[in-house]
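Knowing the structure of chain A, use the given hints to seat chain B on it.
Order-wise, the sequence lines are chains A and B.
The working numbering applies: residue 1 is where the first sequence begins, and numbers increase by one.
The working numbering applies: residue 1 is where the second sequence begins, and numbers increase by one.
To be clear, the hints were calculated from the coordinates, so they are not data collected in a lab.
It cannot be assumed that every hint is accurate.
To be verified - Residues from chain A that face chain B, not an exhaustive set, calculated with beta carbons under 8 Å:
1. Leu9
2. Thr10
3. Asn12
4. Gly13
5. Thr42
6. Leu44
7. Val68
8. Gln70
9. Ile77
10. Leu79
Glycine is no exception: its CB is placed at the ideal position from the N, C-alpha and C atoms.
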Amino acid sequence: METFTLEILTPNGEIYNGSALSVVLPGEEGEFGVLAHHSSLTTLLTSGVVDVEKEDKSVESIVINWGVVQVDEEKVIILVEGAAPIRGANESEIAKALEAAKILINEVADSNFAIVAVSAKIESAAQKLI
Amino acid sequence: MANLKDIQRQIKSVSNTQKTTRAMKLVSTAKLRRAEELASRSRLYAQKMNQVIAEIAGRIECAKVGGIDNRCFKKIENPKMVDIVFVTADKGLCGGFNIQTIKAVKKLLKEYKEQNVKVRLRGIGKKGVEFFKYNEVELFDAVIDLSSKPDKARSDEFIRPSILDFKDGKIDALHIVYNGYKNMLTQELHVNKILPIDTTTFECPKETNRSMLEIEAQDEENMLDSLVNKYVDYNLYYALIDSVAAEHSARMQAMDTATNNAKDMVKSLNVQFNKARQAAITTELIEIISGVESMK
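Next comes chain B alone, as it looks inside the complex:
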């Protein structure tokens, strides 16, 4: 039978842990509300931006315009080098949030390895960066405190080399992997191929004879160029803010589960404590009675 003092100490420590996890849950709930609001305001813009790009890409594909020589809209056969940008949190204690992203990156790495494609990993977020460093996977580039405080200027700066390298032909694809917010309880893993822009999903309008892209020819290049830059910039920024919202929702859930587990543990420890106390009392009583008996 465990010592009464030991059990008491254990109960105290578990209920202290419970207090901490409950506080962390409350903090996450408050932060989640703010992050979610930010993400939902930007969601519409991100969707429309992708729609506009997809439509332009589709129209280029449908019209088969020979004049547009932009690498971002071309299908690239046999890629040699690809960039994978992943976004994880800076902090742990949020359940499987970071691991899910890391697993997806590993899967992608494996797929490319089988095809003999070189991969440049560019990491955002301490947890993911540390994981790959620990496993001795080479990281091309890493930033630590961007994922907890998304900043448009810094995110643009981070993604700029990838865009330039893609345009120069140094890399042949760009992926962004992150865990996004779906609702309060679930996160959704996104593995998005940002470049080259997929031109195949768009359905050609019936009246293809009419040119829908009415832009002056010499501007076409410039326009597409700056549009693609904004598209990639914004996709990364949106990934960052979506990931923050998801991180807080994951942490809120993890801490809620932890609080509940601690509660259950305190309950069962209490039962154990009562049993032990009862046993001690019984033994004491028996000792007294047997002492009295022997005196007779």
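For reference, chain A alone in the conformation it holds in the complex:
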């Protein structure tokens, strides 16, 4: 499978810069996936989970609160306001990341439904890591 360059930027620095096989984004209108050679588009993202499938097929989940994505044929640039990547070397680190992600989502999401939906997703992503 072909890869493309993915950049995820937050006001506090870059949290991802590298190649990816695919990325799933929480668009305003609903989730959508991007593969290499996707047609160009620019759109807003709402609070939710960004799933990045890396070259080694492992999936990294990053929780965001607001963002804008610019897709062109070779490159995907995601600007997010707040992000909490769910990663860690051991269980306690993952638990910490999980906590940070939940705080982030609770701050922005306006409906309980959204919070629950995203929380469930985060939990399952964390389960896979452990």
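Just chain B now, kept in the frame of chain A:
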């Protein structure tokens, strides 16, 4: 010849000043390191944000889409009222840092005055606000302790009225003036026109027939709207953190120069002191010798 005691007192006072300025320099160096790190982490985001906006603006311009009716992307002829937001430090003792910003604001004010445009000045930072108050220039709005402690929520709140007024047509342009960080030794003055967004600099891609902005029509407005808000918010916030880094670098430099000057002064005062002491000894010797001579 100056009194020995006087010179001694002066030497003591200058070396005390030197101690203070050196301490202030060290404090600034430490603060600069933190502020610079914060600014450099955000720099990439600010650049990309501006790039995305510029590209969208350019594509709107290139495609000549009639459907987009957003004031932020339009060229406004004959402005009547503009907002100027300036960022200065809360504290002085940092060389020409604040004055440079104030001068740039004054220049902008003069330019607009010549064109008969009304200006609303919105100030951030004690030094600039005090300067304009002292010179009896009317400030529309002023906050004091935001520039030393940049806070995203407060900066958003500050800029919100300008965005809304721009969208309502009450103002026709928004400028942000601040002194930004370039490197440890130099600051760079920024006079940025934030709104309306400049659509002319972007080069149209060759294949203009393909619509690059693939967004659902009804969302276009919403998307541009919230994107513009974030763009303006972030530009101000970035101006604040960049300005803090610049302030510390300017102060570090000013205090370094002050320390060096004090050092030179102590040196020359020491020479003066030695000369005076020597002179006193010589006079004393002459007095003794002449006394002995007269006794013979």
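| query | Can you list which hints this structure breaks, lowest number first? | reply | none
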